[in-house]
Amino acid sequence: MKKTSNVEELQAIAKQIRREIVEMITTAKSGHPGGSLSAVEIVVTLFFDTLKIDPQNPHWPDRDRFMLSKGHAAPVLYTVMAECGYCPKDQLNTLRKLGSIYQGHPDVRFLPALDASTGSLGQGISVGIGMALAAKLDHSPARTYVVVGDGETQEGQIWEAAMFAGDKGVDNLVCITDNNGMQLDGFVKDILPLEPLADKWRAFNWHTIEVDGHDIAQLQKAFAEAAATKGKPTSIIAHTIKGKGVSFMENNPKFHGMAPTEDECKRALLELV
Amino acid sequence: MQAKTKFEFKLGAATREAFGKALVELGKTNRDIVVCDADLSKSTFTNLFAKEFPDRFFECGIAESNMVAIGAGLAASGKIPFVSSFSAFVLNKGFEQLRVTAAYPNINLKVVGTHSGISIGEDGPSQMSIEDLSLACSLPGFSVLSPADEVSMTALMKVAVQHKGPMFIRAGRAKAPIVYSTDHRFEIGKSAQLADGEDVTILATGLLVAEALRAHELLDAEGIAARVIDLYSIKPIDRAAIEQASRQTGALVVGEEHLTDCGLGVRVAQVVAETNPCPVEFVGIDNTYAESGSPDQLLDKYGLRAANLVDAVRRVLRRRH
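From first to last, the protein sequence lines are chains P and A. So in the numbering used here, the last one in the first sequence is 278, and the numbering has no gaps at all. So in the numbering used here, the last one in the second sequence is 332, and the numbering has no gaps at all.
Possibly wrong hints are sitting among the right ones.
[Said to hold, decoys possible] DSS-like cross-link-like pairs, simulated, lysine-lysine; straight-line CA separation at most 30 Å: (1) P:Lys237 / P:Lys141; (2) A:Lys104 / A:Lys169; (3) A:Lys104 / P:Lys237; (4) P:Lys8 / P:Lys235; (5) P:Lys173 / A:Lys104; (6) A:Lys175 / P:Lys57; (7) A:Lys39 / P:Lys141; (8) A:Lys104 / P:Lys194; (9) A:Lys62 / P:Lys173; (10) P:Lys237 / A:Lys62; (11) P:Lys141 / A:Lys53; (12) A:Lys53 / P:Lys237; (13) P:Lys94 / P:Lys8; (14) P:Lys173 / A:Lys32; (15) A:Lys175 / P:Lys173; (16) A:Lys169 / P:Lys141; (17) P:Lys173 / A:Lys39; (18) P:Lys141 / A:Lys175; (19) P:Lys57 / P:Lys7; (20) A:Lys32 / P:Lys141; (21) A:Lys62 / P:Lys141; (22) P:Lys141 / A:Lys104; (23) P:Lys7 / P:Lys226; (24) A:Lys32 / A:Lys53; (25) P:Lys205 / A:Lys104; (26) A:Lys53 / P:Lys173; (27) A:Lys21 / A:Lys32; (28) A:Lys62 / P:Lys235; (29) A:Lys104 / A:Lys53.
Everything labelled a hint here was simulated from the structure, so no lab data went into it.
When you get a sec, could you build the whole thing from the sequences and use the hints?
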């Protein structure tokens, strides 16, 4: 894989990833386009710039760990991992098919390069804490990054984990909230509001940064600030747009968990050039 | 009342205490062993490990779900984590995490639930775990162990560290009669025949093993030779020993400090149905929660004594003939 810190190059990769997400979910005829598209810049910036990883050696002990706690956004992770060379691009069209390495939610049994199986919301930060504590015990420089959804943070376990990591100063752990404002049943603000979200993370003793989650330069700066922060874990609240990049998917609850039709796919790809 | 027999057991440590002591011993030679507890370390005896190896002990507070998933993360990074609390809490509050973060990816996480069964006594049903074997056995890939005494707990802890894969170990609060000599060899998926007999077999686990040996004595006085098998490995279960017992004795009684409709008994019955069908009777907790009381009072009232096993043997022998 070719790592890069160049924002324009990362933006070009993000656009390519968006096309592949739309295509693979269309082919699968089911999946979660909205929350995959909102997390594209977060996942692209991490894998192509921030994370210390080696796709040729996915179980290298000192590698950085990544967990997509919002596992339903699996297409963004699969397309990025394939682009990095962890897994074959020519099988992306097998998403959600029997025997595919690209299961409906990330599954280490089928894709061993993953750091964790996810899909049941609320658990990723806790697992990340375990990995971060192991790294400290081993005096390893490995850092752990967990992406959660904003709706996901309605889960009580998120705040158990936040309390623990904040108290124990797990400073090799970063939680990125893909704060797209929507969940399956509608808008987060209508269902069970989280605001003031940044205040909540600060109250749990996390170094908290708010960024535009589609601005790669802001994400890079936030990840660097997290790495420089000692004694506290870092919470990055990335303000994003659900369905970002496809006009008729943006902020449209229909595309939380529904695949585009062939026609919608064509229209989407015309916008993603 | 507890039957008086010539089986005189020395009362040993509770299996929870044997667990805590074994952790310390194993932790001295294996630096990968780490321990998490949820504010019950004085009761689970993980405080012994915490004192000896503070860097490798993580106090998670009263947050079992988080604790279980932290354990899974530690295991995913190569540690051998033991997460411990009362069975009632670690399994029920941590169950979804056991399912998704430990069983599903087949993570090397060891879960030790103490205060299992009703013999915890006065604290009552909210703290009593009578469904933990069912919950743990429902997790694909999990091994489930239920030692009867301090000897078997100490030995099985060594086995647990050597075994790679998710595991639940059931421990009790009450001091447990010592039924083993120290040289017995324990293996996952095996059992131990503790008394010979060709007329009927009593298969038991946990505190019911000592009761089964007392029942063996009582039945011997009536001219009934009861084989006694300790099924300390609930999952995988010793299918060969169960099949052999059903073929050679033709009648089985299962005893457990657990709900009878979802515990060891139904697992034995499945093996019997698949191999050599024969009558089986079940001694355990029958579709109810218990109450406060002394451990002895509760074991009497809820029918978990040698006398109850003897009654079940009489029933099963009537059904066989």
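Evaluated hints:
For the hint pairing P:Lys237 with P:Lys141, the CA-to-CA distance comes to about 14 Å; that is within 30 Å, so the pair holds. Only pairs whose Cα atoms come within 30 Å are accepted, and A:Lys104 paired with A:Lys169 is accepted, the gap being roughly 27 Å. Simply put, A:Lys104 and P:Lys237 have alpha-carbon atoms about 27 Å apart, close enough for the 30 Å limit, and the pair holds. For the hint linking P:Lys8 to P:Lys235, the alpha-carbon distance of about 26 Å falls within 30 Å, and the restraint holds.
For a cut-off of 30 Å, the pair hint linking P:Lys173 to A:Lys104 stands: about 22 Å separates their Cα positions. Of the supplied pair hints, the one linking A:Lys175 and P:Lys57 holds, its CA atoms being roughly 28 Å apart against a limit of 30 Å. Pair hint A:Lys39 plus P:Lys141 holds up; C-alpha atoms about 19 Å apart against a cutoff of 30 Å. Only pairs whose Cα atoms come within 30 Å are accepted, and A:Lys104 paired with P:Lys194 is accepted, the gap being roughly 28 Å.
The straight-line distance between the Cα atoms of A:Lys62 and P:Lys173 is roughly 18 Å, inside the 30 Å bound, and the hint therefore holds. At roughly 25 Å between alpha-carbon atoms, P:Lys237 and A:Lys62 fall within 30 Å of each other, so this suggested pair holds. Taking the CA atoms of P:Lys141 and A:Lys53, the gap is near 26 Å; set against the 30 Å cutoff, the hint holds. Of the supplied pair hints, the one linking A:Lys53 and P:Lys237 holds, its CA atoms being roughly 29 Å apart against a limit of 30 Å.
Annotation: proposed proximity of P:Lys94 to P:Lys8 holds, straight-line Cα distance about 18 Å (limit 30 Å). In summary, the hint linking P:Lys173 to A:Lys32 is supported, as the alpha carbons are separated by about 26 Å, within the 30 Å threshold. Of the pairs offered as hints, the one joining A:Lys175 and P:Lys173 holds, with about 29 Å between alpha carbons and a cut-off of 30 Å not exceeded. With a C-alpha separation of about 26 Å, the suggested pair A:Lys169 and P:Lys141 falls inside the 30 Å cut-off, and the hint holds.
A C-alpha spacing of about 25 Å is found between P:Lys173 and A:Lys39, which places the hinted pair at or below 30 Å, so the restraint holds. A threshold of 30 Å between alpha carbons decides the hint, and for P:Lys141 with A:Lys175 the separation of about 23 Å falls inside it, so the pair holds. The straight-line distance between the Cα atoms of P:Lys57 and P:Lys7 is roughly 12 Å, inside the 30 Å bound, and the hint therefore holds. Simply put, A:Lys32 and P:Lys141 have alpha-carbon atoms about 26 Å apart, close enough for the 30 Å limit, and the pair holds.
Under the criterion of a C-alpha separation no larger than 30 Å, the hint pairing A:Lys62 with P:Lys141 is consistent with the structure, at around 19 Å. This hinted pair checks out: P:Lys141 and A:Lys104 have alpha carbons roughly 27 Å apart, not beyond 30 Å. Our distance criterion of 30 Å between C-alpha atoms is met by P:Lys7 and P:Lys226, whose separation comes to about 20 Å. For the hint linking A:Lys32 to A:Lys53, the alpha-carbon distance of about 12 Å falls within 30 Å, and the restraint holds.
Proposed proximity of P:Lys205 and A:Lys104 is supported: the alpha carbons are some 24 Å apart, at most 30 Å. The hinted pair formed by A:Lys53 and P:Lys173 meets the criterion: a straight-line CA distance of about 21 Å does not exceed 30 Å. Annotation: proposed proximity of A:Lys21 to A:Lys32 holds, straight-line Cα distance about 19 Å (limit 30 Å). Taken as a hint, the A:Lys62 and P:Lys235 pair is honoured in the structure, with Cα atoms around 27 Å apart against an allowance of 30 Å.
With a C-alpha separation of about 20 Å, the suggested pairing of A:Lys104 with A:Lys53 holds against the 30 Å cut-off.
This entry satisfies every hint, going by the numbered hints stated previously.
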